[in-house]
Amino acid sequence: MTRFTLDKVRKTFINGEVKEEILKGINLSLREGELTALVGASGSGKSTLLTIAAGLQPASAGQVLFEGENLTTMNGEQVRKIRSSKFGFVFQFAHLVPFLTVEEQLLLMLEVSESKTKKTEQKKEIDKILTLVGMNHRKNAYPATLSGGEKQRVAIARAIIHKPKVLFADEPTASLDSTKSKDVMTLLRDLTKSLNLTTLMVTHDEEMLFYADRIIKLSDGMVLGS
Amino acid sequence: MNMAWKEMKKNKLRFLILGSIVFLVSLLTFIISGLANGLSQDNAALIKGLPEGHFYMSKDADQTINLSRIDRDVQGNMLKKHKEAVAFSIQMGFLNDEDEKQQSVAFVTSTESSVFEMVQKGEVVLDLSMKEKGIQVGDSLTNHQYSGKFIVKGFVDQKKFSHAPVAFIHSEDYQEMYRVKEMQLIFVPGKDSIGAVTGLDVFTKKQFLNTISSYKAEQTSLNMIVWFLVVISGMLFGIFFYMMNVQKMGLYGILKAIGVKTRTLFHMMWTQMIIITVMALMISISLSQVFNRLAPKDMPFSLTIETTAQLSSVYFIIGFIGATISGLQIKKVQPLQAIQQGEV
Ligand SMILES: Nc1ncnc2c1ncn2[C@@H]1O[C@H](COP(=O)(O)OP(=O)(O)O)[C@@H](O)[C@H]1O
Ligand SMILES: [Mg+2]
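Just so you know, the sequences run in chain order A and B. Just so you know, the first sequence maps onto residues 1 to 226 in this note's numbering. Just so you know, the second sequence maps onto residues 1 to 344 in this note's numbering.
If you are wondering where the hints come from, they were derived from the structure by calculation, not from laboratory data. As the structure is a prediction and not an experimental result, all values here were calculated from the model. Do not rely on the hints blindly, as some may be mistaken.
Stated by the list, open to error - Covered by chain A, per the in silico footprint, the following chain B stretches (three or more residues, Cβ under 8 Å):
#1 5-15
#2 257-269
#3 300-312
Beta carbons: idealized from backbone N, C-alpha and C, even for Gly.
Kindly generate the complete structure, drawing on both the sequences and the hints.
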């Protein structure tokens, strides 16, 4: 079933006198339980597309529809609400909060998503997710003491702890070596299936395409099909 | 989740530095304000200790206490009309103790009144500070312009004028020493003025204090230093929070990206500001109060709880404004920038 749709999305950046259209009418439908990989040359607009889809920046034209609701016509607070409760993100860098322990990072995410579950239930859920990403033994550690791969696993845990519907990942393996990358990819694919997520992942690593259900290529501001 | 406190616990040094600056500047302000008040007390405790009321001085004295002479008929009339009114005179002079050591004092004499010490001819009541100079009850003191001897009858606390201890003497003794029949001033207690009297200038207590030479100059400059310090510390506060916030832009962006409200970020900053200010002020208040007790006796220092509380609240408000203005940048942070900028 289609959960997320981009409809004729355009994005124009103005650099001084120069107007540059990076996205020239993107149409895209994403389904539940499917991991879609977005590929394309560097500078082709992959990150721009992902952040527009995730409500982190507005489109110049077109519509972004999530479960029938139009993100493009919502105000900042409405978008923030959807983003914090229905979406999850994993970026190239983990972007963990330096003064919170692994467990606290996830507690914060639950608090932000206004989760109604009790504290004890939340802690149980955190244990479960951290075990899933193989980080439960480090739950009292601060980010500074974790390796790159470990941080990224925590970031993934943070992205799914609040049970989002859509997971966005922008080159989640770019800062990892190839064994760690494969671990993270396996994890993302398994989570997509077990939690029935709609996952959109940007990558420029050919090897990672093996894990995707669908591959979409972005070229010259247009989708080249799958 | 109490992020404000968690961040402070993890970055102790950074917040400790900010706290120590608030502590040092506020302590300095308290000490200087204590000195200002102490000096003012040392300069005019005699007048400051009087109840609320109005002072009269002859017009031709041109606001100089020493030159004022109140006509005896005018004085008689005023004192008859106002039972509480009192005529008094102040002159700087010297008393020699039994070892012929000269002590500078301010001689004060007055008509019958409860607001000044009453003494018999040949007697003197001194400010308590004279006791520390070795003078005791029963000692006899002399003065070059006075034929007899002054027997010390007792001591009273907080009676100083123009930085000298006050010596209360009988009006006849005063007249012999200074060869004047008239009193210099009339004081009428009471909140409301009894109105103008021909030939006399009328002053409120505050106005009268400013006619004491050096009082105005001292207080103006000290108060200026105090308020200058308060303003400077407010700016320091703002600048420090600004620098801290600039360093934390990436963090704010990430927190915004995962959905933390801007309001929550402001709460976090305010909480930190409040914790730092309250802790720093608590330490500097206690230290300044300790200093208030332990300050050497000949150092004029007087810091009341009221003054401290007043200055503290001003600090608090200024810190809040400084932190908030410098925190306005939080509003402008775009989560996207933080994500694109890489690791924080
Ligand atoms: N905020 C911006 N302002 C101006 N130009 C931008 C901005 N963001 C991205 N671009 C430009 O858009 C193009 C696509 O960027 P991006 O989406 O990051 O590419 P990719 O992720 O595919 O490498 C690049 O040429 C980039 O310089
Ligand atoms: Mg990119």
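Right, here's what the structure says about each hint:
Proximity of the region 5-15 of chain B to chain A, defined as three or more residues with a beta carbon under 8 Å from a beta carbon of that chain, is established by the 5 residues found. For the region 257-269 of chain B, the assignment as covered by chain A holds, since 5 residues bring a beta-carbon within under 8 Å of that chain's beta-carbons and 3 suffice. Here the region 300-312 of chain B counts 0 residues with a CB under 8 Å from a CB of chain A, which misses the bar of 3, and the coverage is violated.
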